[in-house]
Amino acid sequence: MKARVHVTLKPAVLDPQGSAIKNALEQLGFSGVGDVRQGKLIEIELNQSDDQAAKAEIEAMCKALLVNEVIETYRLELES
Amino acid sequence: MKARVHVTLKPAVLDPQGSAIKNALEQLGFSGVGDVRQGKLIEIELNQSDDQAAKAEIEAMCKALLVNEVIETYRLELES
Amino acid sequence: MKSAVIVFPGSNCDRDVQVALRQSMGSEPTMVWHKDSELPKVDLIVLPGGFSYGDYLRVGAMSARSPAMRATVEAAEKGVSVIGICNGFQILTEAKLLPGALTRNRDLKFHCRDVYLRVETSQSLFTSRYEEGQCLRLPVANHDGCYVTDDEGRRRLEDQGQIAFRYCDAEGAVRPEANLNGSISNIAGIFNETKTVLGLMPHPERLSDPALGGNDGRALFDGLVEAFN
Amino acid sequence: MSEELSPEIVAQHGLSDEEYALAKQIMGRAPNLLELGIFSVMWSEHCSYKSSKRWLKTLPTSGPRVIQGPGENAGVVDIGEGQAAIFKIESHNHPSFIEPYQGAATGVGGILRDVFTMGARPIANLNALRFGAPEHEKTRHLVSGVVAGIGGYGNCVGVPTVGGEVNFHPSYNGNILVNAMTVGLADAERIFYAKAAGIGNPVVYVGSKTGRDGIHGATMASAEFDEAAEAQRPTVQVGDPFTEKLLIEACLELMATDAIEAIQDMGAAGLTSSSFEMASKGGCGVELWLDKVPMRETGMTPYELMLSESQERMLMILRPGREDVARAIFEKWDLDFAVIGRLTEGGRMKLTWHGETVGELPIDPLAEASPEYDRPWVASPTPPSFDPDSLPDHDPAEALVRLMASPDLCSRRWIWEQYDHMVMADTLQRPGGDAAVVRVHGSRRALAMSVDCTPRYVKADPLEGGKQAVAESYRNLSAVGAEPIAITNNLNFGNPEKPEIMGQLVGAVKGIGEAAAALSYPVVSGNVSLYNETNGKAILPTPVIGGVGLLGDLEKMARIALAADQALVLLGTSEGHLGQSLYLRECCGLEAGAPPPVDLERERALGELVRSLIEDGLVQACHDLSDGGLAVATAEMALAGKVGATLEGPPEGMDPLAWLFGEDQGRYLLASRQPERLLERAAAVGLPAETVGYSGGEALILPGGGAISLASLSEKHEDWLPGFMDGEPPQN
Ligand SMILES: Nc1ncnc2c1ncn2[C@@H]1O[C@H](COP(=O)(O)OP(=O)(O)O)[C@@H](O)[C@H]1O
Ligand SMILES: [Mg+2]
Numbered sequence: 001m002k003a004r005v006h007v008t009l010k011p012a013v014l015d016p017q018g019s020a021i022k023n024a025l026e027q028l029g030f031s032g033v034g035d036v037r038q039g040k041l042i043e044i045e046l047n048q049s050d051d052q053a054a055k056a057e058i059e060a061m062c063k064a065l066l067v068n069e070v071i072e073t074y075r076l077e078l079e080s
Numbered sequence: 001m002k003a004r005v006h007v008t009l010k011p012a013v014l015d016p017q018g019s020a021i022k023n024a025l026e027q028l029g030f031s032g033v034g035d036v037r038q039g040k041l042i043e044i045e046l047n048q049s050d051d052q053a054a055k056a057e058i059e060a061m062c063k064a065l066l067v068n069e070v071i072e073t074y075r076l077e078l079e080s
Numbered sequence: 001m002k003s004a005v006i007v008f009p010g011s012n013c014d015r016d017v018q019v020a021l022r023q024s025m026g027s028e029p030t031m032v033w034h035k036d037s038e039l040p041k042v043d044l045i046v047l048p049g050g051f052s053y054g055d056y057l058r059v060g061a062m063s064a065r066s067p068a069m070r071a072t073v074e075a076a077e078k079g080v081s082v083i084g085i086c087n088g089f090q091i092l093t094e095a096k097l098l099p100g101a102l103t104r105n106r107d108l109k110f111h112c113r114d115v116y117l118r119v120e121t122s123q124s125l126f127t128s129r130y131e132e133g134q135c136l137r138l139p140v141a142n143h144d145g146c147y148v149t150d151d152e153g154r155r156r157l158e159d160q161g162q163i164a165f166r167y168c169d170a171e172g173a174v175r176p177e178a179n180l181n182g183s184i185s186n187i188a189g190i191f192n193e194t195k196t197v198l199g200l201m202p203h204p205e206r207l208s209d210p211a212l213g214g215n216d217g218r219a220l221f222d223g224l225v226e227a228f229n
Numbered sequence: 001m002s003e004e005l006s007p008e009i010v011a012q013h014g015l016s017d018e019e020y021a022l023a024k025q026i027m028g029r030a031p032n033l034l035e036l037g038i039f040s041v042m043w044s045e046h047c048s049y050k051s052s053k054r055w056l057k058t059l060p061t062s063g064p065r066v067i068q069g070p071g072e073n074a075g076v077v078d079i080g081e082g083q084a085a086i087f088k089i090e091s092h093n094h095p096s097f098i099e100p101y102q103g104a105a106t107g108v109g110g111i112l113r114d115v116f117t118m119g120a121r122p123i124a125n126l127n128a129l130r131f132g133a134p135e136h137e138k139t140r141h142l143v144s145g146v147v148a149g150i151g152g153y154g155n156c157v158g159v160p161t162v163g164g165e166v167n168f169h170p171s172y173n174g175n176i177l178v179n180a181m182t183v184g185l186a187d188a189e190r191i192f193y194a195k196a197a198g199i200g201n202p203v204v205y206v207g208s209k210t211g212r213d214g215i216h217g218a219t220m221a222s223a224e225f226d227e228a229a230e231a232q233r234p235t236v237q238v239g240d241p242f243t244e245k246l247l248i249e250a251c252l253e254l255m256a257t258d259a260i261e262a263i264q265d266m267g268a269a270g271l272t273s274s275s276f277e278m279a280s281k282g283g284c285g286v287e288l289w290l291d292k293v294p295m296r297e298t299g300m301t302p303y304e305l306m307l308s309e310s311q312e313r314m315l316m317i318l319r320p321g322r323e324d325v326a327r328a329i330f331e332k333w334d335l336d337f338a339v340i341g342r343l344t345e346g347g348r349m350k351l352t353w354h355g356e357t358v359g360e361l362p363i364d365p366l367a368e369a370s371p372e373y374d375r376p377w378v379a380s381p382t383p384p385s386f387d388p389d390s391l392p393d394h395d396p397a398e399a400l401v402r403l404m405a406s407p408d409l410c411s412r413r414w415i416w417e418q419y420d421h422m423v424m425a426d427t428l429q430r431p432g433g434d435a436a437v438v439r440v441h442g443s444r445r446a447l448a449m450s451v452d453c454t455p456r457y458v459k460a461d462p463l464e465g466g467k468q469a470v471a472e473s474y475r476n477l478s479a480v481g482a483e484p485i486a487i488t489n490n491l492n493f494g495n496p497e498k499p500e501i502m503g504q505l506v507g508a509v510k511g512i513g514e515a516a517a518a519l520s521y522p523v524v525s526g527n528v529s530l531y532n533e534t535n536g537k538a539i540l541p542t543p544v545i546g547g548v549g550l551l552g553d554l555e556k557m558a559r560i561a562l563a564a565d566q567a568l569v570l571l572g573t574s575e576g577h578l579g580q581s582l583y584l585r586e587c588c589g590l591e592a593g594a595p596p597p598v599d600l601e602r603e604r605a606l607g608e609l610v611r612s613l614i615e616d617g618l619v620q621a622c623h624d625l626s627d628g629g630l631a632v633a634t635a636e637m638a639l640a641g642k643v644g645a646t647l648e649g650p651p652e653g654m655d656p657l658a659w660l661f662g663e664d665q666g667r668y669l670l671a672s673r674q675p676e677r678l679l680e681r682a683a684a685v686g687l688p689a690e691t692v693g694y695s696g697g698e699a700l701i702l703p704g705g706g707a708i709s710l711a712s713l714s715e716k717h718e719d720w721l722p723g724f725m726d727g728e729p730p731q732n
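Residue numbers (the numbering used here), protein chains in the order written: chain A, 1 to 80; chain B, 1 to 80; chain C, 1 to 229; chain D, 1 to 732.
None of these hints come from the bench; they were simulated from the model.
The reader is advised that the hints may include incorrect statements.
[To be verified] Okay, the calculated beta carbon distance ranges per label pair: (1) A:Gly-32 with B:Glu-26: 43 to 51 Å; (2) C:Gln-134 with B:Glu-69: 48 to 56 Å; (3) C:Ser-185 with D:Ser-712: 29 to 37 Å; (4) A:Gly-32 with D:Pro-7: 26 to 34 Å.
Positions of the beta carbon are idealized from the N, C-alpha and C atoms, including for glycine.
Use the sequences and the hints to build the structure in full.
Rendered as structure tokens:
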């Protein structure tokens, strides 16, 4: 199956990419743009059919490598 | 409302980061890891209540700035 | 002094720091491959600058999980001194030998230029040859030099005198204008609590030779050699 | 074996009817699709040099220091003490226009491979960039992407980017130029060549896996541009500098053993041109088992594998029994390693797929028959003239500020601070001077390098412009005290099928040749980029010269920075030549007149004198005069030294503005505390020299018109580029 990990900066952490995008959008004439944040999307193919097991495995990967909990949080999505 | 743009490299395009992550996961002992791709997740607050309008606006932003259509594609998600 | 330089795939200042160490030590540091889980018995472990693993995923993230780094963490816990320069600093935070994290420069650009640094303390193995308050000129060359930590983390660093270097102006004044990358309280380098581990973004090895336009980095290596001999 | 392919398919592969007929004649039958693809890339302008070959042959390419001239991956020159400098420049113009970040990045990756494939450790990168008018809507995006791409790749591989040049001109609006140069250092006894040898020896593939990248990239790189270029986007490739860094280290490690018989990077036209070049140079045949090629994607075909331009790949011929040594090294560096074929008798290329033959071509006939055209050309028209006496009058100080803040003369700091120009800890002179200087690691010697071209001169007079580019390169190296030893060149022109464009190429190559001969400054490598046009409009002719010089002792090196209380001595003849000058363009809105003529004998004598004066420690600072003339050279020296200067008035009867801003060639400005010694030494060899001013204070003081404080001049000079780039949307 396929797992999608959405890694985003914690709200308290400044996101210069996000603010640069916001400014650029405004310069390009887009109005009503509020806060913009840029994160990572990591897509992982797993040969693991059991959702629970897959979830556990991906969470282990996040702790071990994919996410730096000092500054980031993540959200998980599974797709069979 | 909040819009989520998932920006990913086109399938045929080399993704050095993705393959590096795959190798690192394997070296950390995770087995059964297939293809890994890294993309961007851009979250945008919009003060726009109409879904259709929001969708159109975000799509315009993707064309204008957020997505490099030479090598990337994107998926859109709206959340009221 | 005995020292080891860990070579990660994508390290590119390993030779530069080897030259600087040789110059101060009068002998050769041992170059250690990242796949080695055994380190030689040394006084100092050096994590060089560069783009280990291409800076992919997060700067320093993959190197921090390498066998040689696991061994480095063990050694550091036993009190062996460790210095991480630039990418080495990023690896140290990812390996949790130092608090906080290094993120993309505020202006999103790679910065390669000389900066001025205020020495915050001479009370360490690494800074013993400098005066507190001394103003150094050293180059930075990084894309992710913005040091972040939460308020509590910052307070702890300040209270325990763990800040080694701050970005300052040519007169040594620590001012917002001198903060080229957005680091919290102009932080350019920090120690661990016991001051046996130092991470810094600027490159002392790049100005340890007058022919290259400066020599302010030399005293850092000389001081270490003196301390261990 | 295959029936006739449709004319449409043949046309899509860019072969003319004559070329296709020739292909059939060589094959003795109709080529199949795979074979046709091979013909199309081998005979593309990019690989065959069919329009320029005839003229390139006229370039002087030998000299006492030349170990290898044009014909290999890069040129090789002897720098003494058993060492050699290996260097080349290469263009990545069209890909960089289509995708600036990746186009520029992969350009850097490609030229690095050309250099380390010969056994050199790359020690420096340079880049010559040409962008459209600042006000053009694409320019900012392109500048930001190209600079980020060059930095992104060079910084990661850990090779310092030490120099370059940048121009802005409307003729590049739809067709920017990105030329990248790499200089490497090798043991003169251990140079590696592409000449295959040893029937039965294994053909080995190393580096990244092959994907469907840039298929037909090679043909695209020489197909004239139009709006439809947008549609070609997918042919752009993504670079992986991390893998390139591993590849450099692994190749150099293997090169320290005796395992390699021949090696060749896979550049444009990937596996096709690399295997062809190696086999034809070695006069042998080759058999490739395409199913053995490491593949990134499923379902790839032999056609795709032969034409893919995936980056970071090399092809090697190993000596018998050395496979295990080699494999171990590449596995240590986590790189792919695969034996994909062997050398065979009787010069044919045989391509198999799971044991079945899918293509077979004769090697030499195909290589030799590669077309060579003697394209018709016409001399360039003389540029519009102008009347010097009817020029608007300008306040010299205001004119100087305007020039120093103009796109072509303003500070490039915004660019070079995004390049790591210090990694490897041997950069003796950072960007901003006449030439970058990089120490030969572990020695007292150093290499000086620069890239130069003044396209507006070449347009006005290709012959003089070609000479000038070489002369300026010679001057830039001499100005730091280095002996100019050899050049590489990148010929960027429009559509050679147009006689006026071909005339520019012929004139420029002739000029380059004359200058290279007169200055004993041979051409050892280079690259040609043609069809640089958009909707029929050509770029300014831009033959970029990359020069390399040798400093015997790094203590005997000059910089441009003034110090207080020095006399300014001007070497050379000043006639106030304003034709094609930057002053004329920026302050009078005219691109007119003949460019300043170049006296090659004089250039040589001046260069020798300057070098001897620096050697003897009589010169505290030195700068050659080029764009903007005497006033700009003085201002640049003052800014670099953070000290003011005063310039005296013109000789009798010369207009002050022409004196300050004229661009007469063959001139240097020297700062010295013993000016009389300089004047004597110049007189002794019969060269003109005069004291024209002195340093000191905090302002620049010009004859007949005001003073400018260094502070405000510096601000204007530094602010243009960052100001222009501000508000640039972040790049993907
Ligand atoms: N303008 C030129 N002057 C001299 N030699 C040239 C020129 N253009 C190309 N060459 C030589 O032709 C050979 C092939 O050039 P090129 O195709 O750019 O090399 P590669 O295939 O390694 O990229 C090289 O040896 C190069 O030095
Ligand atoms: Mg090549």
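key: C-beta pair Ser-185 (chain C), Ser-712 (chain D): status relative to the range 29 to 37 Å that was hinted   = The hinted range 29 to 37 Å holds for Ser-185 (chain C) and Ser-712 (chain D), with Cβ atoms some 34 Å apart.
task = Take a look at whether the Cβ-Cβ distance between Gly-32 (chain A) and Pro-7 (chain D) falls inside 26 to 34 Å.
result = Violated: the Cβ-Cβ distance is about 55 Å, outside 26 to 34 Å.
key: Pairwise beta carbon distance, Gln-134 (chain C) to Glu-69 (chain B), judged against the given window 48 to 56 Å   = Holds, since Gln-134 (chain C) and Glu-69 (chain B) (Cβ atoms, about 52 Å apart) stay within the stated range.
request  = Could you tell me whether the CB distance from Gly-32 (chain A) to Glu-26 (chain B) stays inside 43 to 51 Å?
outcome  = holds (45 Å)
Of the numbered hints stated above, the single one contradicted by the structure is hint 4.
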